[in-house]
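Colleague: Protein chains in written order, with the working numbering: chain A, 1 to 135; chain B, 1001 to 1556.
Hints are supplied without guarantee of correctness; some may be wrong.
Said to hold, decoys possible - Distance condition first, Cα-Cα at most 30 Å in a straight line; then the derived DSBU-like pairs of lysine-lysine:
1) K1099/B to K1211/B
2) K1441/B to K29/A
3) K1466/B to K4/A
4) K1470/B to K106/A
5) K1180/B to K1099/B
6) K1452/B to K1180/B
7) K1491/B to K29/A
8) K1185/B to K1318/B
9) K1452/B to K29/A
10) K1211/B to K1311/B
11) K4/A to K1441/B
12) K1475/B to K1099/B
13) K106/A to K1475/B
Unchecked claim - If the Cβ cut is set under 7 Å, some of the chain B residues that face chain A in the computed set are:
14) Y1404
15) A1449
16) V1450
To be verified - Label pairs and their in silico Cβ distance ranges:
17) I122/A to P1126/B: 20 to 30 Å
18) E34/A to Q1494/B: 19 to 29 Å
19) V133/A to Q1494/B: 37 to 47 Å
20) V1183/B to Y102/A: 44 to 54 Å
21) E1374/B to G107/A: 33 to 43 Å
22) E34/A to D1517/B: 44 to 54 Å
23) S46/A to A1436/B: 50 to 60 Å
24) R1078/B to Y102/A: 46 to 56 Å
25) Q1156/B to A84/A: 50 to 60 Å
26) E1425/B to S46/A: 30 to 40 Å
It is worth saying that the hints were derived from the structure and are not from the lab.
We treat Cβ as the ideally placed atom computed from N, Cα and C, and that holds for glycine.
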Amino acid sequence: MERKIRILIAKPGLDGHDRGAKYIARALKDAGYEVIYTGIRQSPESIVRTALQEDVDFVGLSLLSGAHNELFPAVVDELQRQGAQDVVVFGGGVIPDSDIAYLRDKGVEAVFTPGTSISAVIDFIEANRERVVSR
Amino acid sequence: MSDYQTIREAVRQWESNVDKVLQRFPERKPQFCTGSGIPLECVYLPTEQASEHYLDKLGFPGDYPYTRGVQPTMYRGRLWTMRQYAGFGTAEESNARYKYLLSQGQTGLSVAFDLPTQIGYDSDDPHSVGEVGKVGVAIDTLGDMEILFDGIPLDQVSTSMTINAPAAVLLAFYIAVAEKQGVSKDKLRGTIQNDILKEYIARGTYIFPPKPSIRLITDIFAFCSIEVPNWNTISISGYHIREAGSTAVQEVAFTLADGIEYVKAALAAGLDIDDFAGRLSFFFNSHNDLLEEVAKFRAARRVWARVMQEKFHARNPKSLMLRFHTQTAGSTLTAQQPDNNIVRVAIQTLAAVLGGTQSLHTNSRDEALSLPSEESVRIALRTQQIVAYESGVADTIDPLGGSYAIEALTDRIEEETWAYLDKIESVGGMVHAIEAGYPQKEIQDAAYAVQKQIEAGERVVVGVNKFTVKEDAPKGLLRVDPRLRQVQIEKLQQVRAGRSAAELEKSLHELQTAARDSSQNLLPVILQAVQNYATLGEICNVLRQEFGEYRESIVL
């Protein structure tokens, strides 16, 4: 039987806008994935701690305050420091197009902006399924 | 046959004609509902009771139960306050934006603070990395606040501050700046949001657990009732509840339930209802569904008036009036085809005005992309001015009153609001309900259902799931300089170096002592600490130590 993919949806930074994060978490759960949600105002360190404890394949970061250029790469770096560089990181929120190349360069593999359909997120996860289950 | 029976007879005749039409031309959908799912009749007709209950249910503008408005002349006397929420970067940049807005005909200020300020962290705190100056202005000390209001006489503007957990500290900063300008406390007009319960429910900038948080709030009520009598001590907010995805009914119900909790707390602290209730104000969202929104505002006024009179026995008419600020719905703005947002905001503006708001913020077209540019902010302000001066809707009071559709929706929203209020009362009030995750879950379920409908194309969002075009990346977006944190930290260090260590030590110690004794009002000691240039973070850290910190109950 195929192993269930495990996804952590996390909110770094200080903003409390969790409508998007909760929607994604619930919709991914409905799509059959194991989903854990951190709650708001999590530091990069605590997100990575949860990711390791829960042994997740993906970390999805949601941020609407504009602190993404600082905090998304901080999560990627911390995963690396903890030897968990094979965890796939993606992000979403109010993120200007002009920041997306920078974030991808820093190891955030996909960035989903407002209006993205959940199927785009699912397509991204499925495209990486082989890679994460064989890790 | 009575008039009403004659009408019913005619209605039956009409309906049978309509049936024939429908057989050839079916309606666009099997059922029509408001944005929040209230079913809509194809047309609303006179009811038997309409005129019978007029005085009881509607009354006159400025009269109980205030369904038609809180003032007897409404906008014929004075237009609503046009108050654009603004603030970003440093105090200097925000000060320039306020002066620009005032020069463009804005009539009140509304300060947006950055998230570290809202959560009581100084700019050099590790929690503040990446967030300094991003969604609002960074304020660490009285020094920043002096710059923020430089050249703006505080006896001549009213200022609204979106600040909750550390509201007492920011109010103290404001009072201290006013005193430096030679303006006494009793001349100050404005509002602090100061609504912690909706932070736990929907907005997230809490610091302390409910009990000490509510003490801070009632301390503010008590202090201001004597010292700052024209200040709105709280703005009980449904705005963020709606943004989190609630229905219109939930927005009203949870907001009024929060209000009831504050009133109970203030009474328990020994205040007299009429000493503080007149300074309670509210803050609602204005969403896309025009008729439902107008009805929502009217229903909210009616329910609050009844709560205050029947449950709390308020005697002063001011205590019964639900006065409110409105903001158009940020969550309805789309990143796609952003100019369409101007139209959405115009409709939402109409809803707020037809609903009788006391002040209004109109969102800018580019807010789904970034902080608004100066040009976008100007269009948003012009939208209010066009509705005020050109549309004519401000020239007669409650122009939709008596509309069958509006009155039926008003009744329906009122009825469903009472049902929620009873339910919340039955679990012991809003603090208990929040701790059990009840309003959070209700909101989340509503948000999830709407998003599913959008994904399935059952609910049209123009430019997003229908009528889409291929677009270039937008240009001219406002960016906050990432070096700003460093600039702010340097300013903070200068203030720390220039103050008296002994005075600081003494005032923080007094704050700690006062925090331990709930019979002491915290405002005077906080005011003294800010005057000695204690930072926001230092004050909040003393209180964190004494009060502890709130932990979110995660509901999914």
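Colleague: Which numbered hints are broken by the structure, listed smallest first?
Modeller: 1, 3, 6, 7, 14, 15, 16, 17, 18, 19, 23
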